[in-house]
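Colleague: Each chain, letter by letter, is given below.
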Amino acid sequence: MVQYIHEQYYIILESVRFTLNKLLPLLPSILIFGVIFGFAGATTGYSLPLISSMSFVIFAGSAQFVTVLLLLENEPLVSIIVTGIIINLRHLIYGIVIRDRLEMTTLKKFIVAYFLIDESFLVTDMAYRERKQNPSLDLFRVLLTSGIILWVCWNLSTIVGYILFLTYGDIFDIPGNFIVAASFLGFLVDHFRKYPEERLLITVTSAISVILGYILSSSALLITIMVAGSLMAGFMSRRDE
Amino acid sequence: MTYTEIEVFLSIVTIGLFTYLARLLFLLYSPKFLSNQRIKSALDGIPAAMLVALVIPTTLFNNGKVDLLRSEVFAIIFSVPIVYRFRYSGLGLISAVTLLILLTTVFG
Numbered sequence: 088m089v090q091y092i093h094e095q096y097y098i099i100l101e102s103v104r105f106t107l108n109k110l111l112p113l114l115p116s117i118l119i120f121g122v123i124f125g126f127a128g129a130t131t132g133y134s135l136p137l138i139s140s141m142s143f144v145i146f147a148g149s150a151q152f153v154t155v156l157l158l159l160e161n162e163p164l165v166s167i168i169v170t171g172i173i174i175n176l177r178h179l180i181y182g183i184v185i186r187d188r189l190e191m192t193t194l195k196k197f198i199v200a201y202f203l204i205d206e207s208f209l210v211t212d213m214a215y216r217e218r219k220q221n222p223s224l225d226l227f228r229v230l231l232t233s234g235i236i237l238w239v240c241w242n243l244s245t246i247v248g249y250i251l252f253l254t255y256g257d258i259f260d261i262p263g264n265f266i267v268a269a270s271f272l273g274f275l276v277d278h279f280r281k282y283p284e285e286r287l288l289i290t291v292t293s294a295i296s297v298i299l300g301y302i303l304s305s306s307a308l309l310i311t312i313m314v315a316g317s318l319m320a321g322f323m324s325r326r327d328e
Numbered sequence: 003m004t005y006t007e008i009e010v011f012l013s014i015v016t017i018g019l020f021t022y023l024a025r026l027l028f029l030l031y032s033p034k035f036l037s038n039q040r041i042k043s044a045l046d047g048i049p050a051a052m053l054v055a056l057v058i059p060t061t062l063f064n065n066g067k068v069d070l071l072r073s074e075v076f077a078i079i080f081s082v083p084i085v086y087r088f089r090y091s092g093l094g095l096i097s098a099v100t101l102l103i104l105l106t107t108v109f110g
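The listed protein sequences correspond, in order, to chains W and V. So in this note's numbering, spot 90 of the first sequence is number 177, and the numbers just go up one at a time. So in this note's numbering, spot 64 of the second sequence is number 66, and the numbers just go up one at a time.
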């Protein structure tokens, strides 16, 4: 019994340590992005509770940004809702990948679904790959811990951004897109270096993204690239067989 | 403000509900075709593709057109060897923002 408790304690500790280690490089960008979102939200003229509610109800940065942008442009509410939903359809794919890698009770699925965002998905994927060397990593705890940390940071930074706008007015001139690209750049380079078998996939999807960037909006491009990447990975595995 | 706070809040709740359902759907329900080994290999390619989709277009495109002569592009490009050399993912944001500030200070 004592040994079981000790083992469980070690698994929790290892999973939380891994999550913090991988999440730390992402946190500055989450905080900056959250502040910029709160700031952009304040420019719409809606109240802090309403803008803040986007961060804890939707909890998906890109959809929230687009919602604010469309509100500023006085687009019909139906268009805003449909666009927000379409942007977040990529989360369907995350569900497929996570289900394949992580066995959970139904209750746990209902809980982690709320925290399944781009960054927590990425950290859980890293844990899945790392588990071959470190079997004590618990993917459920990694996903939950990363989701909770991201949720707290995202919601607090939204409030800070809103208050900053009220206090200082327009102070940001770094584009939001640049923050996103810079945040994930390190992970892309790291992925390229660590997994030689995926270098061809990264190169080809990069070329595809440049070509499709001319004709697709960012949300459509994101979904298309993920689908193209998975098709190519499937094709490559067939070739390897 | 075109809409009342209640109208906007109901829209937010609708988007939030569909987002949650999108995340939950395949966690609860797994179609049979997903057990195929080739499909599993295909799913393994998604994280790399997601990283590409988040970095490459946002770096190279500006208002739907390729625009390479911007400080942001140079900041990202010069950050690649730094991250590769020091093997720390967090350096991506730190070096890119530092370089962007330097470039905009020097070249305007």
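To be clear, the hints were calculated from the coordinates, so they are not data collected in a lab. It is possible that some hints are incorrect.
[To be verified] Below, computed lysine to any residue pairings styled on SDA-like, alpha-carbon distance capped at 20 Å:
(1) Lys67(V) / Ser293(W)
(2) Lys67(V) / Ile84(V)
(3) Lys42(V) / Arg216(W)
(4) Lys34(V) / Ile302(W)
(5) Lys196(W) / Ser32(V)
(6) Lys281(W) / Lys67(V)
(7) Lys67(V) / Ile298(W)
(8) Lys34(V) / Tyr201(W)
(9) Lys67(V) / Met88(W)
(10) Lys42(V) / Met191(W)
(11) Lys219(W) / Ser43(V)
(12) Lys281(W) / Tyr22(V)
(13) Lys34(V) / Cys240(W)
(14) Lys195(W) / Tyr31(V)
(15) Lys196(W) / Leu101(V)
(16) Lys281(W) / Leu45(V)
(17) Lys67(V) / Ser304(W)
(18) Lys34(V) / Leu157(W)
(19) Lys195(W) / Phe20(V)
(20) Lys195(W) / Ser32(V)
(21) Lys195(W) / Ile79(V)
(22) Lys281(W) / Gly92(V)
(23) Lys281(W) / Ser43(V)
(24) Lys67(V) / Ile302(W)
(25) Lys196(W) / Leu23(V)
(26) Lys219(W) / Ser32(V)
(27) Lys42(V) / Ile180(W)
(28) Lys34(V) / Ser304(W)
[Unchecked claim] Computed footprint of chain V on chain W, listed as stretches where at least three residues anywhere in the stretch have a Cβ under 8 Å from a Cβ of chain V:
(29) 141-150
(30) 169-176
(31) 194-202
(32) 280-292
[Unchecked claim] Pairwise CB distance ranges, derived in the manner of DEER restraints:
(33) Tyr255(W) / Arg72(V): 24 to 34 Å
(34) Lys34(V) / Leu156(W): 34 to 44 Å
(35) Leu118(W) / Thr107(V): 36 to 46 Å
(36) Pro83(V) / Leu111(W): 32 to 42 Å
(37) Thr100(V) / Leu253(W): 41 to 51 Å
(38) Ile235(W) / Leu19(V): 15 to 25 Å
(39) Ser32(V) / Leu299(W): 25 to 35 Å
(40) Thr106(V) / Tyr255(W): 13 to 23 Å
As the structure is a computational prediction, the values presented were derived from the model and not from experiment. For glycine and all other residues, C-beta sits at the position ideal for the given N, C-alpha and C.
Colleague: Looking back at the hints listed earlier, which ones does the structure fail to meet?
Modeller: 2, 4, 6, 8, 9, 12, 13, 15, 18, 21, 26, 28, 35, 36, 37
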